[in-house]
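Make a model of the complete structure from these sequences and hints.
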Amino acid sequence: MRVRNSLKSAKVRDKNCRIVRRKGRVLVINKKNPRLKTRQG
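If you use the numbering used here, the sequence shown closes out at 664, no skipped numbers anywhere.
Worth double-checking, as some hints may not be accurate.
Here are the simulated BS3-like pairs of lysine-lysine, each with C-alpha atoms no more than 25 angstroms apart in a straight line [as the list claims (entries may be wrong)]:
# : residue 1 : residue 2
1 : Lys-631   : Lys-655
2 : Lys-660   : Lys-631
3 : Lys-634   : Lys-646
4 : Lys-646   : Lys-631
5 : Lys-660   : Lys-638
FYI, nobody ran anything at the bench for these hints, they're computed from the structure.
What follows is the structure, encoded as structure tokens:
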């Protein structure tokens, strides 16, 4: 999982990417391509 300052660039890499909030963290998850998982912070 990558850690980034901004998730805007991570979201536009693939149309299946979703931005999700879990336990105060902002995550980008992609069920079709799990390698694109990212979290903000």
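Status of each hint after checking the structure:
no.: 1; hint: Lys-631 / Lys-655; result: holds (19 angstroms)
no.: 2; hint: Lys-660 / Lys-631; result: holds (13 angstroms)
no.: 3; hint: Lys-634 / Lys-646; result: holds (19 angstroms)
no.: 4; hint: Lys-646 / Lys-631; result: holds (20 angstroms)
no.: 5; hint: Lys-660 / Lys-638; result: holds (13 angstroms)
Checked against the numbered hints above, the structure breaks none of them.
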